[in-house]
Amino acid sequence: MGWFGRNHMPVEGRTILLTGGSEGTGLSAARILSGKGANIIILEEAIKSIKAAAKSPKTQRFHIIAADVSKPNYAEDVVSNATAWNDGQPPEIVWCLAGLSTPMLWTDDRAIEAARYNRDVNYFGTAEMSRAIMRAWLLPSQHARGQEQKQVSARESRPAAKHIIFTGSVLSAFSLAGHGTYAPSKFALRALADALVMEVRLYPDVPIEVHFIMPDSITTAGHDRENETKPEVTVQLEGPDKPQDPDTVARLAIAGIEKGRYFITTSFVGDLMRWSAMGNSPRDNWVVDTLMGLILPFIMIFIGSSD
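Count along the sequence shown starting at 1, add 60, and that's the number in this note's numbering.
The set of hints was computed from the structure by calculation and includes no laboratory data. From the three backbone atoms N, C-alpha and C, an ideal C-beta is built for every residue, glycine too. One or more hints might be untrue.
[To be verified] Quick list of the computed label-pair ranges, beta carbon to beta carbon:
#1 S140 / D284: 33 to 39 Å
#2 G320 / G299: 31 to 37 Å
#3 G353 / P117: 28 to 34 Å
#4 Q296 / E173: 22 to 28 Å
#5 A112 / A315: 30 to 36 Å
#6 A281 / K131: 17 to 23 Å
#7 E259 / T167: 37 to 43 Å
[Claimed, not checked] Cross-link-like lysine-lysine pairs, in silico, DSS-like; alpha carbons within 30 Å at most:
#8 K111 / K319
#9 K290 / K302
#10 K111 / K131
Model the full structure from these sequences, guided by the hints.
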């Protein structure tokens with residue numbers, strides 16, 4: 061995996077907090093990570109099946125925290141709870157999976173209300189958690205925790221990286237009619253992840269890796285609920301959509317993280333969206349914009365690699 065086969069995210073013996081682990085991709089991911097030896101904290105009731113997948117059930121630990129990611133200021137309490145349960149140490153890995161989609165036409169009477177709720181769950185639910193865990197990692201308030209970090213630094217030239225994993229969508233890069241209530245929240249999430257990739261470099265003594273998952277449609281209860289409000293034009297634009305099963309998405313996502321990737325797609329459609337940096341935004345001049353789109357990646361090599 062990655063350069064010389066290195067696993068960028070070993071999880072055995074480490075503690076992982078997942079928001080949205082009761083169904084779908086979150087539950088599949090929790091089971092896979094449990095099978096690799098991780099201690100698991102989730103925000104919903106799904107512990108029994110996660111424990112059943114444990115690599116070392118006698119030594120691994122599992123915990124549930126009740127929380128509503130759509131509520132303001134929820135994340136600080138969750139991280140505090142997780143830290144107290146984890147012997148005073150914040151979870152080393154946080155994967156934000158909670159999300160929903162309620163597609164509808166922008167002229168629908170319910171559109172603004174739906175967009176606000178999508179924003180609260182998809183964007184702010186993840187944004188608050190990423191901020192809370194970064195503050196726990198980077199701004200320790202207790203002397204003991206600061207002393208432990210010094211001891212770790214003394215033992216290792218570079219401590220094991222901590223990880224923040226964002227769950228976006230192919231619609232983080234390419235929107236469609238009918239997804240005006242949903243896609244903006246995922247576009248915003250991608251912008252936050254891009255910013256944090258640069259910001260974490262300000263803290264070289266606490267290595268943090270940021271990842272952004274861009275799955276396609278997934279066969280979950282959430283996908284069924286999404287189809288209840290999806291306009292016919294959106295169905296036509298999406299074409300013969302073949303959703304992936306949650307186990308496949310979770311497996312491919314984890315494999316990408318272990319390889320050290322930032323943008324992680326789970327299908328060729330996702331790759332197309334990733335390669336299309338401008339998405340489906342109209343071009344002012346097709347020739348100039350296309351040419352510059354080919355040149356810009358070479359410029360970004362220098363911008364993205366600068367310290």
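Now the hints, each set against the structure:
1. S140 / D284: 33 to 39 Å: 35 Å, holds
2. G320 / G299: 31 to 37 Å: 33 Å Cβ-Cβ, so the 31 to 37 Å window holds.
3. G353 / P117: 28 to 34 Å: Given a distance of about 51 Å, which is not inside 28 to 34 Å, the answer is violated.
4. Q296 / E173: 22 to 28 Å: Given a distance of about 25 Å, which is inside 22 to 28 Å, the answer is holds.
5. A112 / A315: 30 to 36 Å: Violated - the Cβ-Cβ distance for A112 and A315, about 22 Å, lies outside 30 to 36 Å.
6. A281 / K131: 17 to 23 Å: 22 Å, holds
7. E259 / T167: 37 to 43 Å: 38 Å, holds
8. K111 / K319: 26 Å, holds
9. K290 / K302: With Cα atoms ~16 Å apart, K290 and K302 stay inside 30 Å; holds.
10. K111 / K131: Roughly 28 Å between the alpha carbons, so the hint for K111 and K131 holds.
When the structure is compared with the earlier hints, violations turn up for hints 3 and 5 and for no others.
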